[in-house]
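Q: Listed here are the chains, written in short residue letters.
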Amino acid sequence: MIFGVDYYPEQWTEKDWDEDLDLMQEMGLSSVRLAEFAWALMEPKEGKFDFRFFDRIIKKIESRKMTFILGTPTATFPPWLFEKYPEIVQVSKSGIRRIIGTRRQASFSSPAYRKASERIVSAMAKHYGKHPSLLAWQIDNEPGHEGSDQDYSLLAEKNFRIWLKQKYKTLDSLNKSWGSVFWGIMYSHWNQIPIPGNHLASNFNPAMIQDYFRFQSDELISYIHMQADILKQYSKSPITTNLFPSPFLAVTDMHKLFQKLDFVSWDNYPVWGNQLEPYPHPLVTSTLQYARGLKNKSFTVMEQFSGVQGHDTLGYLPPPGQIGLWLTQAVVQGADQVYFFRYRTARFGQEQLCYGILDHGKHKTKKFFELKKTIQEIREFAEDVAGVPFPAPVAILHDIENVRNYKHQPLSDGLKFEPVPFAKVGYDIEYATWFAASNLLNVNTHSLPIRTDADLSQYKVISLPLYTMFEEEQVERIKAYVRNGGILVLGYRAGIKDKEHWMVEEPVPGVFRELAGLEVHQFEAIGNNKVKLRMGLFPMKGNKFCELLEPKTAKVIATYSDAKKFYKGTPAICANQFGKGKVYYIGTSLSPESFILLYRRILKDAKVPFSFLGRSVERQTRQGKRFDYQITMNHSMKRTWFPFPGLKPFEYRIKKIEKR
Amino acid sequence: MIFGVDYYPEQWTEKDWDEDLDLMQEMGLSSVRLAEFAWALMEPKEGKFDFRFFDRIIKKIESRKMTFILGTPTATFPPWLFEKYPEIVQVSKSGIRRIIGTRRQASFSSPAYRKASERIVSAMAKHYGKHPSLLAWQIDNEPGHEGSDQDYSLLAEKNFRIWLKQKYKTLDSLNKSWGSVFWGIMYSHWNQIPIPGNHLASNFNPAMIQDYFRFQSDELISYIHMQADILKQYSKSPITTNLFPSPFLAVTDMHKLFQKLDFVSWDNYPVWGNQLEPYPHPLVTSTLQYARGLKNKSFTVMEQFSGVQGHDTLGYLPPPGQIGLWLTQAVVQGADQVYFFRYRTARFGQEQLCYGILDHGKHKTKKFFELKKTIQEIREFAEDVAGVPFPAPVAILHDIENVRNYKHQPLSDGLKFEPVPFAKVGYDIEYATWFAASNLLNVNTHSLPIRTDADLSQYKVISLPLYTMFEEEQVERIKAYVRNGGILVLGYRAGIKDKEHWMVEEPVPGVFRELAGLEVHQFEAIGNNKVKLRMGLFPMKGNKFCELLEPKTAKVIATYSDAKKFYKGTPAICANQFGKGKVYYIGTSLSPESFILLYRRILKDAKVPFSFLGRSVERQTRQGKRFDYQITMNHSMKRTWFPFPGLKPFEYRIKKIEKR
Amino acid sequence: MIFGVDYYPEQWTEKDWDEDLDLMQEMGLSSVRLAEFAWALMEPKEGKFDFRFFDRIIKKIESRKMTFILGTPTATFPPWLFEKYPEIVQVSKSGIRRIIGTRRQASFSSPAYRKASERIVSAMAKHYGKHPSLLAWQIDNEPGHEGSDQDYSLLAEKNFRIWLKQKYKTLDSLNKSWGSVFWGIMYSHWNQIPIPGNHLASNFNPAMIQDYFRFQSDELISYIHMQADILKQYSKSPITTNLFPSPFLAVTDMHKLFQKLDFVSWDNYPVWGNQLEPYPHPLVTSTLQYARGLKNKSFTVMEQFSGVQGHDTLGYLPPPGQIGLWLTQAVVQGADQVYFFRYRTARFGQEQLCYGILDHGKHKTKKFFELKKTIQEIREFAEDVAGVPFPAPVAILHDIENVRNYKHQPLSDGLKFEPVPFAKVGYDIEYATWFAASNLLNVNTHSLPIRTDADLSQYKVISLPLYTMFEEEQVERIKAYVRNGGILVLGYRAGIKDKEHWMVEEPVPGVFRELAGLEVHQFEAIGNNKVKLRMGLFPMKGNKFCELLEPKTAKVIATYSDAKKFYKGTPAICANQFGKGKVYYIGTSLSPESFILLYRRILKDAKVPFSFLGRSVERQTRQGKRFDYQITMNHSMKRTWFPFPGLKPFEYRIKKIEKR
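In the order they appear, the protein sequences are chains A, B and C.
No gaps in the numbering here: position 445 of the first sequence is 445 in UniProt numbering, and each next residue is one more.
No gaps in the numbering here: position 605 of the second sequence is 605 in UniProt numbering, and each next residue is one more.
No gaps in the numbering here: position 127 of the third sequence is 127 in UniProt numbering, and each next residue is one more.
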């Protein structure tokens, strides 16, 4: 278990350094992340490298037996590079060309950017690759963030055509797959194909947009993998890159991205910018589990919230105890390295409002003492569970193809994607709401990419929301899972669109019809409205989408009960026996409370033990090398009644359990 | 009477075709619309025509004694055309240049587009013009839709200058008419004149914007008329084009557009996209009457709502009976041909969420059975009334010049135009609210362009809202109408702006002062707020705009009664005797309920029989060839109390009456 | 005291002129403003001048012993200028290039525009400079309005680089000052520096944006000063330019702008466009005082609201009495010249909805009679106080550097700048709320730029909100003020950022720590939420921002009392003795009511007499040449209870007091 901090020595004077490292060690930190935005410092002129600056600070780190993670600095680039190759920048969907002066503006399709990246990464790898204190490499910083996962430049357009040619071989094949006959847009030359950028009213072909998102993902991934290849050539240190929240903001296939990297890193900001409240704790847990699930093993929090942060506006101030609790939560959910963002607050620059552990001065803050204390309290537990597999009876599966699909075709206003700085993404919210059900019932829950290598049969219950676009192979795998006794919880609109973006001829739920034992011929997209349901005596609430279920072999679990709807009395949730297993099918998006009600029933059915200790209490179990643990956390400002004795505001309680 | 369907054989395999036509006939359909987006299919290479595809399907249609409408395919164009002539696309107001991949992007000012259109239309006309089963031609598809009524390209700018030169002859004349002396923008060369595109804060001269809208209208109309001329050369089949909702979204003069065409077509979508509720039924009727009124005779619904539709989000699900009722309503309001959009739902492409009569598969849906049943039930009635003039005691007049005027100068936030996909257009809403008054009082009501050929003297009551910009000739015609005994209902801000966009010197209502018998010297634009009024004992509500009426010879009908307004007690509605007739003048925009109260009084005054059967019931009369009819429709989910016996949800009742 | 009117003879025929001037004189007006948009009229071709038009109207003015103010016409320019020099226009932040057809589109960085301006201004100055009836010059019109204070053109970029080179001399110095090492954007050539225009996600360096704003201000000022220099060369008449509301919309340093001009002019619109209510009266007074304070002496209202106005939508209708009251308010607050906007309403052009004293015709309106009566009633008072210094015990200081700072770094959603046509500017609202406290307590209050020449020691109380970025010199001056017995009211986030945009190392309130006797280590930005406070027994409300005060030598005045906040009980307002004076420090933004409560206490402390006569009553004192005056104004539609006898709606009462 490593506790560290993100450190920017270049923002301070050399005489600060020793004092800084002293304070870090006093706090219990043993590692720093360095250099991620320092390209201009290391290559001040094209091809002229100068590592003396970082050599000096690394020497001090080494002499203290501390370690460092080195970031490749390609998330920004030096002005001289843009001056010489002005074509290296991205273009926005609405046609705005990026310029120098900010970050994340490079086009992954630019040969000049790739070449320059190769050069600086090679130089760094050669210089530092074998350094004994080098703990790991972080490639780039938050690749795809801030809209950089989608580039509409001419260079992107050019590569998109090449990518399409590789995929479809012939234009006939492309036209057929896309259904170009629709609106008569049949391409007769590869160069006629545009990039689906700005448009005025009607949109581009959805199959084309889907392909464009796949292409963009491939461009980004091949760029990161190119760096990984170079690093591996010169260094044995493990390689990662740090992901940004929210999980489904980008169109990038993060599962594929990490297949060539050694471990996953995640930047964990339960609150940011002008948010007046932090995310609900199940949303934070779901993102931590997302990070854990990408490689289905321990992960790193590369940037852990330490103080109020924002670029030009700020918000919520965490009460005493909360930042310590967030640290604990991250470790409980599988982090085995946690780096705080950041050590001391920059006095200048775009992040002069991103408060770190220290403020702008050197005064030891309350944050410093709170984090120090938490590290001391949880270290033993953390060391014991670090790297030990995180077992769970429930898993929820996500799928990047459907993330992309719902981004450009959200079906309901309630599922609309809004790329605000901290995005409200339809898929995100729906996914987190599903995740919250078992999380609030205190059942360990995994979040996995659908193409995970994990053995699905280890799970008692698998949740699969928004799986509209399907892949035959996965459908077979899931069928087998149910046939062999698993319980599948399937969401509305499942299994009705193939990988070419064609709707299937079969009624909803398409390829899952037999599994679900029902058909859907009518639906209503209710946007942000709510609809009433009833499960036995329990009232429930649905939103976003209402399918009218017609059970064939399935049994009715809940029905619509809203007097304003003509489909009052129609089934909304059904359950169907299939093989040795069972499929729950939910025709609407439930409110969090209703999800809990439903999952109580499902978990009972699956014989998974659960509990409910209130909306703000989270309880998880972990297995350690020496002990097992039950961790209970109070995520609210109020004392809790349960479990007895009640938890104080933001208290965490780690109960050690002898191994059986 | 013809019932048909919009059919895209190119989206299915040839073996589907016979099955499809079987089903259509089973449902009672005898005609299909074809080919409207199929340019690339018929001219795969420049100048190389290939009609074999449509020949095959038409042969099948013919052999079944069915008929077809043929769309010219110019609403999209083949990618090869854009590749060769990249200048053919429009540019948006904010400077975004359209590209290939969507639809409606061609610039009507582009010579290359015109030339290519001539070629494909000529080829189609030659090939199919004399086909015995060819029922009619539909030129283009929804011309002007999706923002294509306004083009800000360089080609448009060039033609705008030519248009202005033809209109004004000299720059002196243009400068004087526009009042270019204002802000000192006096043009000294034709090439100095810009297109009123993007601007940052202050706007362009309103007279210039008005001219730009007129110019755009002329460009679009001349393009459609060019196609009409070609078709007439080779074919005797009647010609139309299909209009899109909302009526006043575009700046195009649709009345003028149809003068060269044979009949009007309208695309009737009472609900679309992410709407959570359909439009109120009087709004739907007002749009049907708008379509009927353009040529003051029977019209075609070229696209009749059949299933939930949208491009990337969806909404309201019509309860059982409602789509049948909508069909009936269209026929009642004067449609003599109705084509459903669409037969089967496309499995791919931008409209894969536009659900047709069938869903993505071939399963016979509830929609199929409901529409089949309705067609059977109403066919006899429909056949009898088809083509028989639709008589009405009340007419409401609209004017494209004021549509344009209010678009760029809405006066009040309550009248603002919002070009959302399904537009909230100030003029539309105000107009429909006026229309609703007599519609809800179950009086047949016409909606006519002010320059209609219809004889106004046949109407007992004429409503004229938002007639701010006036034309001398029309003013005289209306004066004569009142002088001879007609009742005119005139709205606020009437008659105060001439065709050059100059405000008159006389006080409001300007040229209508004598008619209205009052003056207005003060007004308040209350945006989206409400204001209280009182008509005798009846409380009323006004909104959007409040004129303070100063009656000269007029009598006060209603006064402002709002304690918060200093003009409490000031007249808001007056009536004035003029010649043998009378003028009601309304100084505010009334709420729907208040309009009903007022029109009860006006209709009584005009000796027009009326009734009120509740907000959801619509009753109309029609004369047939053999019988007369009274049709009563319940547009709500609830049973009605009136008329006795009450109507079931979405029930229509067609009462046959012997001719006197 | 002069009452005049803005007159555009070029919008009327010559035969109107005599009638117009008759009416003006009948109303009591003796001066007109002319020519401000008439460049194309005076220079119809490049270098060809023609002043005959204005000669004719001026002759008539002169013959009536009236006077005129002459506007230089550079706020628009003739189309021929744009045709010849298309590069003279500005570019918006999002990259939209301005074109001809509107106004305020010229780039202050364009040499061609400067040269053409020099030529027309020189010609006017030579022709009219010594005219005996010429009262004053108005340079340009509302410079910086409508976004023209920020230009993102290539010419601006070029000049920005030159400006930076002059400021920083070397790139090392620039890189160090900006902290370019942040995100590694270290410039190695001047031409690499971009203009901080459009960006996609992350912003530009705040120090760079601050410099860009300073640069833009310098560009605009040097342009206006260039005109002033020319005018002075040929004319002895005093020079001004007219400022637009809101005070802090532009980034221009208006204090610096006026140092070379002779007097300040202000365009006073208490309501405009689609506003449904006028600004609260303290906001209007604060803007009048802003205008007065820029040179700390009498000022001119160059455009005084006379009728409902807007470009394409309208709003509020002032009840009888209100426009007369607004006129009186302007005089009371220090205006010694008032020109109404405008004489008669233009029948054409972009401002055909900007209603003047007359409407579109020549009918004498209620506005005409109301203003005529008010002028008669207040003339004696106005003549007596005109030019006599306006004494005040309280002053509030504003600072353009912080206006700029909060524009790009608002800290809290509650302080966000929104550049709507009539802007909601965070700084404006916060500043006006502070100002309102003493204004509503009927204490004469000055509003001064912090770099004012005024002697601060004359004030009993000085308010200083949002003084985050500090200047050493001003800090010393304020320290001295307090040390010598002054009372300072200091707002949250004071004194923590130096002029290079670096945050200081010291805790908040940074350089004011000793003065305030407290420290702040924690804060919360609560956006548009509210928080409860308590001052003794009085409940108060805070918003926007909450600092947690840690008093060292200060005493607690109020504490947070909100049960939802963990910092309940923490001090929110403190007071600290410093030297002979005292510092009140407010850690939050108070609601207007709470500000009044606090200022009652402060004014009592400062021994400044105050009163409270209700939210709508404003009372001020003025000293005249012969008498002193107490003026009481009722800004509401309701009769007041106080003072006795109550004031009628919109009544003003001017009480003459014998000089002691």
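Keep in mind the hints are simulated off the structure, nothing from the lab.
Since this is a predicted model, take the numbers as computed values, not measurements.
One or more of the hints may lead you astray.
Note that the list lumps identical chains together, so a pair holds whenever it fits in one copy or between two copies.
What the hints assert, rightly or not - With a Cα cut of at most 30 angstroms, we get these calculated DSS-like pairs of lysine-lysine:
1. K256 x K366
2. K625 x K260
3. K568 x K364
4. K655 x K126
5. K260 x K158
6. K167 x K364
7. K93 x K158
8. K65 x K84
9. K499 x K60
Q: For every hint, state whether the structure bears it out.
A: The hints, checked one at a time:
Neither within a single protomer nor between protomers do K256 and K366 lie at most 30 angstroms apart by alpha-carbon distance, with minima of 41 angstroms and 44 angstroms respectively. Taking the shortest Cα distances, K625 and K260 sit within 30 angstroms of each other inside one copy (28 angstroms), while across copies they are farther apart (79 angstroms). For the homomeric pair K568 and K364, the shortest alpha-carbon distance between copies (23 angstroms) is at most 30 angstroms, but the shortest distance inside one copy (61 angstroms) is not. For the homomeric pair K655 and K126, neither the shortest alpha-carbon distance inside one copy (46 angstroms) nor that between copies (87 angstroms) is at most 30 angstroms.
Proximity of K260 and K158 under a CA criterion of 30 angstroms is satisfied intra-copy only: 26 angstroms inside one chain copy versus 46 angstroms between copies. In this assembly of identical chains, K167 and K364 lie within 30 angstroms of each other by CA distance neither inside one copy nor across copies; the values are 57 angstroms within and 37 angstroms between. For the homomeric pair K93 and K158, the shortest alpha-carbon distances inside one copy (16 angstroms) and between copies (28 angstroms) are both at most 30 angstroms. Within a single copy, K65 and K84 get their C-alpha atoms no closer than 42 angstroms, and across copies no closer than 67 angstroms, so neither meets the 30 angstroms cut-off.
Neither within a single protomer nor between protomers do K499 and K60 lie at most 30 angstroms apart by alpha-carbon distance, with minima of 54 angstroms and 34 angstroms respectively.
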